[in-house]
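Model the full assembly from the supplied sequences, consistent with the hints where possible.
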Amino acid sequence: MTKKVKNRLIKILLSLLILIIAVLIITLNLRDNIVYFYSPTELLKMQTNETKIMRVGGLVKKNSINSDGSKKFTFIITDEISEINVVFQGILPNLFAEEKGAVVEGSYVNNSLFRADKVLAKHDENYMPPEVINALKDNGKWQGQ
Amino acid sequence: MNLKISNNQITYIRKANLYLISLTLLTFIIGLYFSLLVSPPDYIQGDSMRIMYIHVPSAWLSLFSYTILAASCVAWFVYRNPIFNLIAKSIAPIGAALTLIALVTGSIWGKPTWGVWWVWDARLTSMLILFFLYLAYILLWQSISNQETASKISAALGIIGFINIPIIKFSVDWWNTLHQPASISKLSSPSIDINMLIPLLIMTLGYMLFLITLFLIKLRTEIIDQKILRLSIK
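Protein chains in written order, with this note's numbering: chain A, 1 to 145; chain B, 1 to 234.
Don't take each hint at face value.
Claimed, not checked - Quick list of in silico lysine-lysine cross-link-like pairs, DSSO-like style, CA-CA up to 30 Å:
hint: 1; chain 1: B; residue 1: LYS227; chain 2: A; residue 2: LYS6
hint: 2; chain 1: B; residue 1: LYS152; chain 2: B; residue 2: LYS4
hint: 3; chain 1: B; residue 1: LYS218; chain 2: B; residue 2: LYS169
hint: 4; chain 1: B; residue 1: LYS4; chain 2: B; residue 2: LYS227
hint: 5; chain 1: A; residue 1: LYS118; chain 2: A; residue 2: LYS61
hint: 6; chain 1: B; residue 1: LYS111; chain 2: A; residue 2: LYS11
hint: 7; chain 1: A; residue 1: LYS6; chain 2: B; residue 2: LYS4
hint: 8; chain 1: A; residue 1: LYS11; chain 2: B; residue 2: LYS152
Read the hints as simulated data drawn from the structure, not as lab findings.
Below, the structure written as structure tokens:
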């Protein structure tokens, strides 16, 4: 390695290091703007009002989906610590189900009720054929929801 | 510094490509057969999950391509050998195409699973930025006529843009995103059934061969271009 090449290498490594530090500082400080949704616990700690549009994500609580027969649904989003009551009018995505992940977008109607304008189903990273899941459930080895 | 590549070496690239093209086609045929017919459907998503077999390899390789691009830019800055420019220039359009495939197939997959075509979460947004980075890199080369200036500016962009790659990779772990976390990175127990992992890996091999084939075709063209340019200057 000639001296010239060595110098360039050092310069470029130094500038890369500075760049990485800069980006780390920016992304860590922007965390609140980058997260796509809050967990129910985080949302309950925050100051919100009726006009502020928020997104909450978590699991849809078991036996919590109720429908009045039309397109109006109520359900509970939970992160196993806190719960949020949600009301939604519209068409739910196909993969929306109890004990599965979901993200809702909307705002508080009052202190205890969140009105969703949009409901998104969040699917997990597990890919399995149905037979395998059934076998795992029969053995009692299935850890998922 | 001058390019030191003989005409014989250029001919070797062309000969290698003939084998590569047939190997790519063969791998894709086997991969698609496994993906569409052998692989079982997913327990929740059903058949719509099969789009993973074209979505995931293109996303992986779009990150891989950018890593190669950034590495060549660093190498050019250090060694000032024009071959590194040609490598970066050749891989950029392929990476852009792979990113576009990942974005489009992801969007098509998002509709039946999430219920929307697009959301501005960290993973999707950073992938879109990657696409723009590729476009910016290509455009810089085309808009600056002075070779030396073009090399410097585009190499700087290529290196700075690399910071986006770890952001894409870890976005699903660092921030709450609608996009699910990685299924494969846990080596001990991937969250994906072996019957789905095999088609995914075959398809990834197919994409890789396709990438190498296109890359060599483009690199050969770039080398010949460069040689013509040198001759016309002399």
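Hint by hint, which ones does the structure fall short of?
-> Hint 6 contradicted; others consistent.
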